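Undergrad: Throughout the sequence shown, residue numbering follows mature numbering (1 follows the signal peptide of the UniProt record, and there is no 0), covering -20 to -1, 1 to 448 in sequence.
Treat the hints with caution; some may be incorrect.
What follows is a set of in silico ranges between Cβ atoms, one per label pair, in the way DEER data are often shown [claimed, not checked]:
1) Thr211 / Lys280: 15 to 21 Å
2) Arg96 / Ala151: 40 to 46 Å
3) Asn146 / Ala281: 38 to 44 Å
4) Ile166 / Lys280: 38 to 44 Å
5) Gly212 / Asp246: 23 to 29 Å
6) Pro423 / Gly212: 27 to 33 Å
7) Gly233 / Asn81: 19 to 25 Å
8) Pro423 / Gly324: 36 to 42 Å
9) Lys280 / Gly153: 55 to 61 Å
10) Thr149 / Asp90: 28 to 34 Å
11) Asn81 / Asp247: 18 to 24 Å
12) Gly183 / Asp392: 30 to 36 Å
Hints are computed from structural coordinates only; laboratory data are not their basis. Keep in mind it's a predicted model, so treat the numbers as computed, not measured. Every residue gets a Cβ at the ideal spot worked out from N, C-alpha and C, and that includes glycine.
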Amino acid sequence: MNSHFWTVCIAFAILPICQAYLAFTGSRLVLGAKSYDRSSSLQMSETLPKKKVVVTGLGVVSSVGTGAQEFYDNICDGVSGIQRLPSWADEFPTKIGAPVNDFNAGDWMDKRDAKRQARFTHFAMACARQAVEDAKLDTDKLDPFKFGVLIGSGVGGVEIFENNLNKYTAAGGGYAGWKKVSPFLIPALIGDTATGLVAIEYGAKGPNFGVVSACATATHAFGTALHYLQTGVSDIMLAGGVEAALTPFCFAGFDSMNALTRDFNDDPKAGSRPFDAKRSGFVMGEGGAVLCLETEEHAKARGAKIYCELAGYGASCDAHHITAPHPDGEGLATCMDQALSMGGIELTDVDYVNAHGTSTPYNDKFETMALKRVFGEHAYKLKVSSIKSMTGHTLGGAGGLEAVACCKIFTDGKIPPTINYENPDEGLDLDYVPNKAVTPETPIKVAVSDNLGFGGHNAAIAFRRYEE
């Protein structure tokens, strides 16, 4: 009798878990099918309980400004950070980029640590501190095991690698070269160091690892953080992406694969021109951003200001080519649809898309196709802009900067433009917010940010105006 009683109890206890698992795996199988079924994601989002997640802090380092407000004001004013690069680029076919000028790592971290660490970690520490201060976090009062950090980088400490390799080879290799290699080389080089250093600084003992998916890195970091917050694993997460790849060796690699524009060396600020018929490649930049993300209940309990809600996330792979996006935009369309489905967002509620918009012939064409595939006729009612026209392409940091732009629209109202849009291209016929910021008559409800990365990685997130 007792045995039967406990068998029944256990069966009822595990039934909801089994139902949730089947709902999740069923949806996952649909994602792997050739045709994406939106109803499956909607069913999954309704089946699994989840907490609302909000944005409470922003941190930025970019070629157009350090700090979220300076950055946002400048992109809305059409200020470009693209310029002629130093003399090391004089003999390269491409001679322009978007560096972060007048940045002092010692202003943001211990000066001794700054000397040992790579530039991308300097950016991460600066962005994280800004986000913490903007959110008015008292990190000493947080549950450390519910406080996580996910900050990614596409290439990590590439300048540290170059410097040590140059010293090693200059010494002739072998033992003489070994003596020239820094004992700090490996921890300074690897991409997860940034997220580890930030965790050490603030005592964050929750989920912590580096996210690496090339130019989709930051957006994947936000989506992963969203998962930990929605499921209650964490109360608060610092998430984002940073990059410092404007070094001779890394720059040469991108230039040699014909990814960078070579047509605007004498007019650098005109070089990044997303969706324009004369676009001919991207312009490399550096920088990145970090968001402070919290569960709504945690943010409200401490009286935090709230920028907006991070409502949805999607991720997919083209499984097509290691560098080129899929020509029909299927993968990108899928992850945007996933993000909207997760948030229970109707297509017509979306007002703005911060596009990946790299200024390459393929990306801008296929991204436009993906937007039409997702939104249908509503695509023509969207405001679509690419801030890479001003910041350059910051690789792993790109999604971070673009997320900050989205968040600031909810509080400040202006939609940043796509500058250098002068020559419409066939088939690229959406509203790309050409050359001048706009302030919609009706405040936006939903903003979507999407990114693509080498490897066929696609990611999208959806921000929604916050309502209690």
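Undergrad: Do the Cβ positions of Gly233 and Asn81 conform to the proposed distance bound of 19 to 25 Å?
TA: Given a distance of about 23 Å, which is inside 19 to 25 Å, the answer is holds.
Undergrad: Would you say the C-beta atoms of Arg96 and Ala151 sit inside 40 to 46 Å of each other?
TA: Violated, since Arg96 and Ala151 (Cβ atoms, about 21 Å apart) do not stay within the stated range.
Undergrad: Could you check the hint for me, namely that Pro423 and Gly212 are 27 to 33 Å apart, CB to CB?
TA: holds, 31 Å
Undergrad: State, for the Cβ atoms of Asn81 and Asp247, whether the hinted interval 18 to 24 Å holds or is violated.
TA: holds, 19 Å
Undergrad: For Thr211 and Lys280, compare the CB-CB distance with the range 15 to 21 Å and indicate the outcome.
TA: holds, 19 Å
Undergrad: Hint says 30 to 36 Å; check whether the CB-CB distance for Gly183 and Asp392 agrees.
TA: With Cβ atoms ~32 Å apart, the hint holds.
Undergrad: 38 to 44 Å was suggested as the range; check whether the CB atoms of Ile166 and Lys280 agree with it.
TA: holds, 42 Å
Undergrad: Could you say whether the range 28 to 34 Å given as a hint is met by the Cβ separation of Thr149 and Asp90?
TA: Taking Cβ atoms as reference, Thr149 and Asp90 lie about 31 Å apart, which means the hint holds.
Undergrad: Given a hint of 23 to 29 Å, does the C-beta separation of Gly212 and Asp246 actually sit inside it?
TA: violated, 55 Å
Undergrad: May I ask you to test the hint 36 to 42 Å on the CB atoms belonging to Pro423 and Gly324?
TA: violated, 20 Å
Undergrad: Using the Cβ atoms, figure out if Lys280 sits within 55 to 61 Å of Gly153.
TA: Cβ of Lys280 to Cβ of Gly153: about 59 Å, so the range 55 to 61 Å holds.
Undergrad: Could you say whether the range 38 to 44 Å given as a hint is met by the Cβ separation of Asn146 and Ala281?
TA: Since Asn146 and Ala281 have Cβ atoms about 52 Å apart, the given range 38 to 44 Å is violated.
Figure legend: structure checked against the earlier numbered hints; hints not met, in rising order: 2, 3, 5, 8.
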